[in-house]
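All chains, full assembly: derive it from the sequences and hints.
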Amino acid sequence: SSGKSPSKHQLSHDSLTESVISLAKATKVDRLIGGAGDEEERAEGAVTWAVYGHYLRALAQPAVMLPFLVTFAAAVQVFNNFIDWWLNKWTNAAERATNRSSSNSIVGNEYANITQPSEIYVDHARLGSMMLDLDLSDYQIVFTVMVLLLMIVSVARSVWFRLVQVSAARLLHDMMFTAVVKAKVIFFDTNPIGRILNRFSKDVGTMDDQLSFAFFDFFTGTLNFLGIVAVTLLINPAVFIPTLPLAFVFFFVRIFYLSSSRDVKRLEATTRSPLYSHISASMQGLTTVRAFSNESRTLKEYHNRQDVNTSAFFLSLATARWFASSIDWLVAFFITGVAFASVLSPALLESGEVALMLVYAVQLTGFFSWVMRQSAELQNAMVSVERIMNYSELPSEPLTEGILPPSDWPTMGHLQFRNVSLRYDEDGDFVLKDIDADIQPKEKIGIVGRTGAGKSSLLRALFRLTEPDGSVLIDGLDTKKVVLQELRKRLSIIPQDPVLFIGSLRRNLDPFAEFSDDDLWSALEQVELKTAVSDLSSGLETHMQEGGANFSVGQRQLICLARALLRNARIIVIDEATANVDPETDALIQRTIKARFISSTVLTIAHRLNTIMDSDRVMVLENGRLIEFDHPHILLQREDGVFASLVAETGAQNSALLRRLAEACYQKRIKRNSE
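Note that this note's numbering has the sequence shown beginning at 274, numbered continuously upward.
Keep in mind that the hints are not guaranteed to be accurate.
Unchecked claim - Each computed EDC-like pair below joins lysine to aspartate or glutamate, with the alpha-carbon atoms no more than 16 Å apart:
no. : residue 1 : residue 2
1   : K457      : D698
2   : K754      : E740
3   : K762      : E670
To be verified - Ranges of calculated distance between the beta carbons of each label pair, as one might list FRET restraints:
no. : residue 1 : residue 2 : range
4   : V632      : V418      : 16 to 24 Å
5   : E819      : P679      : 31 to 39 Å
6   : P335      : E666      : 41 to 49 Å
What the hints contain is simulated information worked out from the structure, not anything from laboratory work. Backbone N, C-alpha and C define an ideal beta-carbon position, used for all residues, glycine too.
Take a look at the structure:
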């Protein structure tokens, strides 16, 4: 719209980016990464100064770390430049001493022919210069002492820098970890595990490794460059006449390089997430892959994702090598010019100064090119800090905001849903719509519905995994006003997939160390696991492998049930807890729930309808609405009802059995109420 034609380096950058995108499309990267809504966000343009500030603040924690680092680094440079300057003085002094030795022999011969005192002439300027020169051994002593000091300070600088960098990396990692742990559940619903692992593995690894070296080299290289500039200005300022135009060329090449390398680096990081996701999913579903002889397809999918990532990584390496080669050529031209200038005008400088200037000419351009290269590497590595910072700023759940309920809350387990609606994002459709329900204390409620009806969403609203519209009241207290952490601690859930962590069995039963050993053994006895655990050599200290892999599926579910028994919560949620266990364990879980949770309000989501036929009432959901809510037997009297159709879909024989079971439970209820 501005009418300006794109610059040459912009065209090159665009063509490079387009080549990567075309390569990604050729290998179906859209399918590999996901749809438009699932694609990982990727920043564009230069890394902002806020990211650098974020990293520098991390380096300055605690506050004493960064000043000490700067002090050590500056001391190293001062010693370094002083040693070079002192070596120059030492060389000139040695040259003057040699010249004096030759002059003295000539002067001695001349004095032999003098017959009158008036013929003696004294060069006072030359004599003063001779008197000011130190003894050569003094130069050697000072030089040795300074070299030793330089070695000590250099080691201190390197060790201190490593301490500072490790401290900063740990701080940034912990900040990201804390933010992810406290992130809203919707974050985990919309981000695959591979994408999250990418930040904690590759990006953290880049920060620990590449960024550490790039920052150290850039920092020390800059100090070396400034030190050389200061000394060279004192010796021969004319060296900077060809240096200034060369500096502009260096900066232009750097800008040209960074315009492409940043985006290539980000693209490489983005294409790595689908690769990690595929590896993670393949490892978790390896049994299924082998059962269906799908190894070749899984391997082909892996190769496709690896090719896309490797292509972007190759471009990143290629651009870095081009930049290094360009810098080296510029340095070679500059050194050649300075060398010719020094040789053609030797009378203006002493030999030590000529040598120092040539050495500094090499070092000056070398350090300048090194600083340029490392500044580019630093900016590329800062992309990882940028990605880590993005995760560190994730919106977190308000875990500690709200009122603190009484220690014995809830005392009854009275649960009310008032006009509860829920959607997972502001622009999405409602998955729950105006749910109104009043669940009395100690009631046993079954929740049924077809896939997508809103069963799990109702539990999300109860636990505030997603903030609902409307109100959820427990014993008359609105859960929105309760501290979220306390709300979830006062409720218990037995999930469909048992959640167990690496550690001891004791830690999984009692993660907050609130119960005695007698309580733990009592809970295990109630779920008939006491004998099995007693037979283990370590008992309650038995090591739990990842996901409880050293226990059977049924035992894992029983451990979760024992954990719920220990909590003795007034509201228990059972999310299809018996869907993946054998009939014997299923029967045990059902007996335990009925016997041990008499005083609790129990909500049960079930696909097998026989598990909720003895419920006091059944909530029937469809398309996010509560359309039926009554005793199973009463609901079955409505032949055109949704619950009746769900029962009929189980088959004629099973349907008749379920109806008889519901009727028997209903009769028992009437009889109990009449008594």
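Can you list which hints this structure breaks, lowest number first?
6
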